[in-house]
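Trainee: So you can see what is in the structure, the chains are spelled out below.
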Amino acid sequence: ETGVTQTPRHLVMGMTNKKSLKCEQHLGHNAMYWYKQSAKKPLELMFVYSLEERVENNSVPSRFSPECPNSSHLFLHLHTLQPEDSALYLCASSQAAGGTGRYGELFFGEGSRLTVL
Amino acid sequence: DQQVKQNSPSLSVQEGRISILNCDYTNSMFDYFLWYKKYPAEGPTFLISISSIKDKNEDGRFTVFLNKSAKHLSLHIVPSQPGDSAVYFCVPGENQGGKLIFGQGTELSVKP
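Chain order of the listed sequences is A and B.
Using this note's numbering, read the first sequence as starting at 1 and increasing by one per residue.
Using this note's numbering, read the second sequence as starting at 1001 and increasing by one per residue.
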């Protein structure tokens, strides 16, 4: 296992469902991120965890709930989503210090494609 | 308030020619600039970076030019290859508590 892995790769859910996206990094990094990519929009930063502590929450609705149990794992819990939440959700990791900046170079997973019906 | 703009959503170039992808920014506090490349159904991958104290950084076929007075940077790919076809994101960042801000991306298509 190398890099950043995300599961599931594809998820279809109804508006009343509860589901979770999982991210695991095998790079020894201590910062992890959730990004959202909607069609025709730039990547939007959702959450940042550094040393398992949430350091950034970019005004994300409460129907998205992140969890970082340790420095290698990051979850995004989803409940009562809306169709406009359909997007590609990307997880990334980095060294929190050093590199090219405070958050360093990002290493992304392949993303979880979410469709909300 | 868009702090970084990639005004060309797409660019088509012939194989062997030069590809030039442009990026404009508004925040003079950015300390470094990254370029990421993204293939369909994959996450972005880091390509090349430049510090704000430099005006050029070269890595093989890829060169980044930075014009701080104009708040403009560009990524040059020469010679362009079909495998370079991807979406390219300009990503500025700050050392002091900043977060990486992604541009809208430019989709490059290199035709054989």
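By construction, these hints were calculated from the structure, which means they are not laboratory data.
Errors might be hidden in some of the hints.
Cβ pair distances, simulated, as ranges [claimed, not checked]:
no., chain 1, residue 1, chain 2, residue 2, range
1, B, N1007, A, N58, 38 to 46 Å
2, B, Q1002, A, Q82, 35 to 43 Å
3, A, Q82, B, P1040, 24 to 32 Å
4, A, K22, B, R1061, 19 to 27 Å
Covered stretches of chain B (in silico footprint by chain A; criterion: 3 or more residues with CB under 8 Å from a CB of chain A, positions within the stretch not fixed) [what the hints assert, rightly or not]:
no., region
5, 1032–1045
6, 1056–1062
Where a beta carbon is used, it is the ideal one built from N, C-alpha and C, also for glycine.
Trainee: Evaluate each hint against the coordinates.
Mentor: Going through the hints against the structure:
no., hint, verdict
1, B:N1007 / A:N58: 38 to 46 Å, "violated, 24 Å"
2, B:Q1002 / A:Q82: 35 to 43 Å, "violated, 24 Å"
3, A:Q82 / B:P1040: 24 to 32 Å, "holds, 25 Å"
4, A:K22 / B:R1061: 19 to 27 Å, "violated, 36 Å"
5, 1032–1045, "holds (count 8)"
6, 1056–1062, "violated (count 0)"
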